[in-house]
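A.B. asks: Each chain is listed here by its residues.
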Amino acid sequence: MTETPPPAEQTPQQTEMPFAYVQGEAVTTLPKDLYIPPDALEVFLETFEGPLDLLLYLIRRQNLDVLDIPIAAITEQYMEYIELMTDLRLELAAEYLVMAAMLAEIKSRMLLPRPVETEEEEDPRAELVRRLQEYERYKQAAEDIDHLPRVGRDVFPVQLEAPEKQVVATPPQVSLVELLKAARDAMMRAEMFSHHHIQMEPLSVRERMSSVLGAVSTEEFTSFTELFRPEEGRMGVVVSLLAVLELIKESLIELVQSEPFAPIYIKAAAAAEAGPGKEPVAAVAES
Amino acid sequence: MSEKSIKHIVEAVLLAAGKPLTLDQLLAVFGDGEKPGRDQIREAIAALQEEYAERGIELVQVASGWRIQVGQEMEPWVSRLTEEKPARYSRALLETLALVAYRQPITRGEIEDIRGVSVSSSIMKTLQEREWVRVVGHRDVPGRPAMYGTTRQFLDYFNLKGLDDLPTLMELRDFDTINAELELTLPGEGAEAEEAAGQAQEPGLVVVPVAGEGGESNETLH
Amino acid sequence: MSEKSIKHIVEAVLLAAGKPLTLDQLLAVFGDGEKPGRDQIREAIAALQEEYAERGIELVQVASGWRIQVGQEMEPWVSRLTEEKPARYSRALLETLALVAYRQPITRGEIEDIRGVSVSSSIMKTLQEREWVRVVGHRDVPGRPAMYGTTRQFLDYFNLKGLDDLPTLMELRDFDTINAELELTLPGEGAEAEEAAGQAQEPGLVVVPVAGEGGESNETLH
Numbered sequence: 000m001t002e003t004p005p006p007a008e009q010t011p012q013q014t015e016m017p018f019a020y021v022q023g024e025a026v027t028t029l030p031k032d033l034y035i036p037p038d039a040l041e042v043f044l045e046t047f048e049g050p051l052d053l054l055l056y057l058i059r060r061q062n063l064d065v066l067d068i069p070i071a072a073i074t075e076q077y078m079e080y081i082e083l084m085t086d087l088r089l090e091l092a093a094e095y096l097v098m099a100a101m102l103a104e105i106k107s108r109m110l111l112p113r114p115v116e117t118e119e120e121e122d123p124r125a126e127l128v129r130r131l132q133e134y135e136r137y138k139q140a141a142e143d144i145d146h147l148p149r150v151g152r153d154v155f156p157v158q159l160e161a162p163e164k165q166v167v168a169t170p171p172q173v174s175l176v177e178l179l180k181a182a183r184d185a186m187m188r189a190e191m192f193s194h195h196h197i198q199m200e201p202l203s204v205r206e207r208m209s210s211v212l213g214a215v216s217t218e219e220f221t222s223f224t225e226l227f228r229p230e231e232g233r234m235g236v237v238v239s240l241l242a243v244l245e246l247i248k249e250s251l252i253e254l255v256q257s258e259p260f261a262p263i264y265i266k267a268a269a270a271a272e273a274g275p276g277k278e279p280v281a282a283v284a285e286s
Numbered sequence: 000m001s002e003k004s005i006k007h008i009v010e011a012v013l014l015a016a017g018k019p020l021t022l023d024q025l026l027a028v029f030g031d032g033e034k035p036g037r038d039q040i041r042e043a044i045a046a047l048q049e050e051y052a053e054r055g056i057e058l059v060q061v062a063s064g065w066r067i068q069v070g071q072e073m074e075p076w077v078s079r080l081t082e083e084k085p086a087r088y089s090r091a092l093l094e095t096l097a098l099v100a101y102r103q104p105i106t107r108g109e110i111e112d113i114r115g116v117s118v119s120s121s122i123m124k125t126l127q128e129r130e131w132v133r134v135v136g137h138r139d140v141p142g143r144p145a146m147y148g149t150t151r152q153f154l155d156y157f158n159l160k161g162l163d164d165l166p167t168l169m170e171l172r173d174f175d176t177i178n179a180e181l182e183l184t185l186p187g188e189g190a191e192a193e194e195a196a197g198q199a200q201e202p203g204l205v206v207v208p209v210a211g212e213g214g215e216s217n218e219t220l221h
Numbered sequence: 000m001s002e003k004s005i006k007h008i009v010e011a012v013l014l015a016a017g018k019p020l021t022l023d024q025l026l027a028v029f030g031d032g033e034k035p036g037r038d039q040i041r042e043a044i045a046a047l048q049e050e051y052a053e054r055g056i057e058l059v060q061v062a063s064g065w066r067i068q069v070g071q072e073m074e075p076w077v078s079r080l081t082e083e084k085p086a087r088y089s090r091a092l093l094e095t096l097a098l099v100a101y102r103q104p105i106t107r108g109e110i111e112d113i114r115g116v117s118v119s120s121s122i123m124k125t126l127q128e129r130e131w132v133r134v135v136g137h138r139d140v141p142g143r144p145a146m147y148g149t150t151r152q153f154l155d156y157f158n159l160k161g162l163d164d165l166p167t168l169m170e171l172r173d174f175d176t177i178n179a180e181l182e183l184t185l186p187g188e189g190a191e192a193e194e195a196a197g198q199a200q201e202p203g204l205v206v207v208p209v210a211g212e213g214g215e216s217n218e219t220l221h
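Chains as they are written, first to last, in numbering that gives the first Met the number 0: chain R, 0 to 286; chain P, 0 to 221; chain H, 0 to 221.
To be clear, the hints were calculated from the coordinates, so they are not data collected in a lab. A few of these clues could be false.
[Claimed, not checked] Which bits of chain R does chain H cover? Going by a derived footprint, with three or more residues having C-beta under 8 angstroms, they are:
{"no.": "1", "region": "172–185"}
{"no.": "2", "region": "236–244"}
[Said to hold, decoys possible] Which bits of chain H does chain R cover? Going by a derived footprint, with three or more residues having C-beta under 8 angstroms, they are:
{"no.": "3", "region": "75–82"}
{"no.": "4", "region": "91–98"}
{"no.": "5", "region": "113–120"}
No residue lacks a Cβ here, since even glycine has one placed at the ideal position from N, Cα and C.
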């Protein structure tokens with residue numbers, strides 16, 4: 000946007016247009032090129048992308064700066080087009096009428112005398128100018144985009160025939176982690192499975208530890224073999240043994256054997272003695 | 000792996016790809032034992048660009064990567080190959096596209112506000128079908144209207160690396176400073192079109208009832 | 000029109016065409032004032048062929064005309080471009096494999112008992128085709144079902160010295176805590192991490208508490 004665009008295709012009539020000076024005269028003096036053959040008008044109007052586009056056209060046609068619109072003149076011209084459209088019974092979009100109203104309002108505000116010049120008061124055209132400029136920059140941007148080199152129109156991406164692909168099936172990759180997770184999941188599910196179907200007593204070491212502790216006393220020795228019940232099977236024996244070993248480790252019981260292969264006896268550790276936990280273990284080791 | 004074969008592999012792969020390739024994608028075609036550095040790929044690209052320069056072929060970077068294309072200078076011959084004319088797009092569509100490109104994320108209502116006319120659904124549909132525009136979210140206002148943005152395909156199609164490559168927008172001028180601006184710019188331009196300026200600009204000044212400032216600027220002018 | 004530009008036009012048009020072009024079609028892209036002779040087109044083709052000879056592209060004549068294509072010698076690189084990520088194995092397959100590893104020798108019926116669902120024949124087939132699982136004998140019960148065990152290849156793939164290197168079932172229970180401590184990668188995914196190629200297999204060993212080797216591999220990494 001330059002302040003003084005080159006006078007491209009300016010007709011002499013336009014430079015002489017008097018309405019730019021005196022607002023009242025604009026009504027009677029219409030620019031001659033406003034009259035276009037009626038059958039061409041429809042096509043002509045279709046080229047506008049709306050009221051802002053039409054206004055821009057009217058302004059540009061007279062080489063005027065958007066920032067500096069002779070509002071009365073432009074309003075008159077705009078209304079001429081609106082009238083032409085109605086005369087031709089063209090369906091008139093609401094946007095055009097809204098713009099007509101806006102122009103009329105601006106015009107009336109500008110004609111009203113303002114008693115005191117206040118700096119804060121905005122020029123009535125400000126909003127219109129803002130919208131026109133805003134629209135114009137995107138109108139321009141659309142043209143610029145249209146001129147960008149475009150695929151299929153200006154530039155042509157190449158795709159050549161590729162050599163025949165040799166089929167090499169790549170089998171899925173598996174990490175050890177994945178495999179181990181699958182193993183764990185399968186095992187855990189299997190456990191739940193067995194609980195439901197084989198109603199087996201849960202043989203937890205912790206539970207057995209409690210029952211062993213309940214069976215022994217600090218006063219008397221209990222026979223080691225008494226702690227095992229053959230009817231529980233091998234699993235039961237293993238759990239019992241683990242429970243005994245765990246209890247020894249935690250210094251909760253003492254294990255006594257007089258000589259190799261002699262019967263083993265168990266006694267609960269004295270409550271006061273928390274310390275000498277290793278002795279019973281040593282006894283086992285000696286045996 | 001020699002410089003030369005890196006170049007030839009990069010060329011062959013780009014020619015066969017049929018879509019832009021990123022540097023990473025180009026690197027990925029090299030086997031484990033022969034991986035060149037990123038710099039070597041860049042050098043290969045530069046070498047190819049140099050070779051192509053005189054041949055009407057281009058190796059360009061667009062949004063999704065590097066692509067080999069027949070350049071604009073070859074258009075007259077290439078376009079004779081096909082009967083059909085490339086599609087033309089309406090101004091309404093291009094203006095809508097421009098607004099989405101420059102103002103994204105933007106709602107349809109916001110596009111309509113700026114253009115001063117309603118945007119037809121078919122335009123939004125076409126833009127989305129072409130995969131130039133997509134819904135990027137919803138504005139948190141009543142009705143939760145869709146917000147639109149442009150896609151990588153849009154940039155690829157218009158030969159752009161990124162949104163920064165879009166033509167710069169026309170500058171907006173501040174209406175409030177119009178008079179000051181006139182004062183500053185007119186004297187310089189006055190020589191070229193002194194009469195035109197006087198005639199074309201003055202009506203505006205006369206209409207605006209800013210007697211004091213307007214008068215001053217006029218005095219400066221003459 | 001110079002020889003050189005005929006050559007460049009022929010090249011550009013063939014590149015942009017995306018299909019083979021006959022001599023007549025190549026002639027047709029030239030404007031009225033610039034039509035070369037058929038011989039000139041042939042010469043241009045010959046010149047291009049010579050230029051391409053040392054590169055990975057070819058100008059060849061096929062049934063419907065001339066076309067530029069990427070040469071067969073570029074197949075490994077071009078193919079890697081379109082390589083699809085290999086599919087993943089199903090949970091059912093992995094669990095079956097895990098049960099064979101931990102409970103071998105095991106029959107399909109026994110696997111089904113533990114998993115609580117039937118094991119498809121295709122899973123057993125895939126595992127055997129991969130050579131991770133093989134039939135090691137037959138259970139002496141009615142039907143004499145096959146018993147499965149893991150192979151040497153299985154150990155090699157997971158980088159195990161022996162089955163003892165697998166965590167015990169007890170350790171497996173606490174697997175999540177073990178797992179959290181270790182950054183484990185897939186053996187095959189090493190290519191993604193630029194340097195990881197050599198180390199990709201090691202994590203398998205890290206699961207087993209082999210402090211020495213694990214430490215070494217970490218040092219190699221950094």
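A.B. asks: Next step is simple, just say for each hint if it's right about the structure.
C.D. replies: Going through the hints against the structure:
1. 172–185: holds (count 14)
2. 236–244: Three-residue rule not met by the region 236–244 of chain R, so violated; n is 0.
3. 75–82: Answer holds; 4 residues pass the 8 angstroms Cβ test.
4. 91–98: Result for this restraint: holds, n = 5.
5. 113–120: Contact hint for the region 113–120 of chain H vs chain R: holds, 3 residues under 8 angstroms.
In this structure, only the earlier hint numbered 2 is contradicted, and the remaining ones agree with it.
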